[in-house]
Structure formats: C-alpha cells, structure tokens
Amino acid sequence: MKFRILILTAMLVAPLFMGQSSFSAAQADEITVTETDWAWWRGPNRNGVAEANQTPPLQWDDEKNILWKSPVPGRGYGSPIVVGDKIFLATSDEEQEIQSVLCYDRNSGKQLWKTDVHTGGTNPSEREGNPRWSKASSTAASDGQRVFINFFNSDAVFTTALSLDGKQLWQKKVCDYAVHQGYGSSPAIYGPLVIVGADNKGGGVVTGFDRVTGNVVWTTKRAEKPNYASPIILHIDGKDQLVFSGQDVVSSYDPLTGEKNWEFEGATTECVTSVVTDGKYVVTSGGYPSNHIAVVRADASGEVVWRNETRVYVPSMLVHAGHLYGVTDSGEAFCYALDSETPLWEERLRAKFSASLVLVGEHIFATSEKGSTFIFKANPTAFELVQENTIEVENIQATPAICDSKIYMRVTREIEEEQQEMLYCIGQNN
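Counting from 1, position 253 in the sequence shown corresponds to residue 252 in numbering that gives the first Met the number 0; the numbering is continuous, with no gaps.
None of these hints come from the bench; they were simulated from the model.
Virtual Cβ for every residue (Gly too), placed ideally from N, Cα, C.
Treat each hint with caution, since some may be false.
Lysine-lysine pairs mimicking DSBU-like chemistry, simulated, CA-CA at most 30 Å apart [unchecked claim]: (1) K200 x K351; (2) K68 x K376; (3) K172 x K200; (4) K259 x K238.
Taking CB as the label site, the calculated pair distances span [what the hints assert, rightly or not]: (5) S162 x W305: 43 to 53 Å; (6) E393 x S289: 30 to 40 Å; (7) E34 x W112: 37 to 47 Å; (8) A320 x S300: 21 to 31 Å; (9) R306 x D164: 45 to 55 Å.
Can you make the complete structure from the sequences, with help from the hints?
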C-alpha cells in the first residue's frame, strides 16, 4: 500500500507548474515506499508521527525485546531509514577521512554493503564545529529505488544518489559551505525531486534535483547566515509547502518550483529542529542567539500567535489533535494548546535530549542521550508516563525509526574501553 501523502499527486500535477519538458523520467518514476517503511527524516509524513496501526514494544532493556544489534563502523549522528527489507544510514571514519553509506538487512541486522561516497576532504577549513556534530549527521532518504545522502566535504555540500545495492548513480555539488557549527540537513523527496538545503554564513541555497539524473530543476538563494534545519514539506493552509525556519525568519516555498510563497519573522538565527504544523499554525523553535518556541499563523499573514524563550534547539517537536508536545534539550517535557502560550503541563524528565520525538498512536517516544526512552501519553490534560526504558549506552544523538511495530535505534556504546556505534532493533521477542 502506498503512503497517502501527496508525493504521488505532486508527480501528476508537476507539468502544470513546470511544463512537460522540465523533468526527466522521474516525473513518471513512482515512489515505492510503503506504510511499513520509514523512508526519510521524521518518518512517513515528515512530522514524527508514525503509522498508528502498529504495536512497538512499550518495555525493553539490554536483553528484553532486543531482536538484534549490529556494529556500525565509524561515527555518525544521522538517523536510520527503513525501506523494504533494508536499513540505510550514513557514517564517517574520521581518521581515514572516509564518508560512507551503510546498508543492513532489516530482519537479521547483517551488514549487506558499505559504499564509500567521499575519501578525504572531511577537515573543514575553519573549525571543527560543534561537538554534537559529526561528519555524517544527515539522515538519508529513499524513493524506494534509490538512496540519497548529503555530506559536507571539501568545504562544500554534496548530494549523492545510490542504487539500493550501493552503486553510485550520481553526485552533485550543492554549494560551497562555510562551517560554523557543522552540517546536518537531510534531503527531502517530493514528486520527481530530491530537495536539499545548505544554509551557511557564506550564503547558501535550497535546490531541487531531478531524482533520476541529478540535474538541477531549480535553485533558490538563501541569506548569508548559519542555520541547520532540513527542508520539510508539509500540507499547510490547503497546499503542500516547503518550509524552513532559521536565519531570523520562517520561509515557505513551492516545492516544485522553488518560488517563495511567503517569509516573515517567527524564528531565531540558528535552528536545528524541523517545523511542525496542524495546517493552520506553523511551529518553530531554535537556540541561537536566543531561545524560542513560536507559533505563527500559516495563512501568510505573518501573525505570531505566541512566542516564548523555551530552549528546544535540537529535538524536534510534535503536533497532535491541536496540541504541541515537546521536550527541551535539558529534559523538560511540555504540552501547549497551539493557540495559547500557557503550558497545559510541564514535567522534568531528568535527562538531556538530542533525538526528536516520535508519536505512535497515543504514545510519544522520547529517547535521551544516555539511553533512556520515556514513553508518555499524548494527553493534553496531564503528563502520563507509561514506561521508562533504559539500555546501557554512552550516547544517542540519532532519532529512532519506528515502523512495522519495531524500533530501529542508533547508539554509541563503550566496548572494551572503545567507543563503538551499534544499530539496535527493538521488537516483541515472543
């Protein structure tokens, strides 16, 4: 069963926007991900909401409900994606200066292949960036036939397309990139395009590449300001919109043409989190030079409904049934009605967070940097903790992928006094 999101619709209406000759065979190249996949950043609908008709385990530890765990060579903070019978993730061997894409068997955890995308060129010209950045911080995306990945390399950002068996199909330079804190923006797939952002203080772009050929279909310049958000396509105010927060504004573009729909105040300079929406309101958050959560009307009026100084810099939030759920970097869980700046509840979780929230049915999964996953209800009346599960790890930066009633989690463990990344599959172990 194909996802009901509007990607396939966009493929059909693209000629109305661009003309029949604007795209290659990608226009008719079907996106073949299914409801049991987690094919790109923030899941099937790009908002952290998983398919509701699944039953991932609510309890686990280092042994219980661990179906398999597999070593991951190198280091990276990009999240796993799951397509068909395969799992894909990016990694970087920082000593050898090799940036790669890895593929694992979804059922057994066996590593199937490793494709080196860049060799050399991983040392930035200015500074090493934020310690929460790795040289493989982007999450891959797949259309069911190819895998797309972004890497910062040789003072520029590149997008590479691989086949599902690891063969390089094309590679394109997005733009030069002046490192400030790092780079971790993930590609987004929409209709015949893969869309990539590369905001930076040297002047960045957002670009739509043809998925099949890698040809540039459109490119739009961005301001000369650092920012780390990924392009997110959401259905807002009655139509699909490509939305960025950061660079002191919230910006909306037509995802097929790159033409700007609107832009107005509603963000700080540097953002990491992805925009969320209920279609009526757009919600942004950021952490430099000031902290903020802002709720803005999605009707292009520019009205900021409310704004506060809460620091939600790295973990992206959720919108569900007219309410905003989130967790701060320092571990404060919260719930707001979208139209009110008064929190409905707040709860201290005693942990620090980088991974974004994932909603499955009525359960929110919040995974901390030290391996605790707090599962609580999407309940606006009170904080209702269902379970706290902990596995022994040194660090978790990546967001889990939850699909087909299983949780795929990238972690860093200490094994024989060495840092070793691992990929876990958590599911009901009957």
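Against the structure, the hints come out as follows:
no.: 1; hint: K200 x K351; in the structure: holds, 28 Å
no.: 2; hint: K68 x K376; in the structure: holds, 28 Å
no.: 3; hint: K172 x K200; in the structure: holds, 17 Å
no.: 4; hint: K259 x K238; in the structure: holds, 14 Å
no.: 5; hint: S162 x W305: 43 to 53 Å; in the structure: holds, 47 Å
no.: 6; hint: E393 x S289: 30 to 40 Å; in the structure: holds, 31 Å
no.: 7; hint: E34 x W112: 37 to 47 Å; in the structure: violated, 26 Å
no.: 8; hint: A320 x S300: 21 to 31 Å; in the structure: holds, 24 Å
no.: 9; hint: R306 x D164: 45 to 55 Å; in the structure: holds, 48 Å
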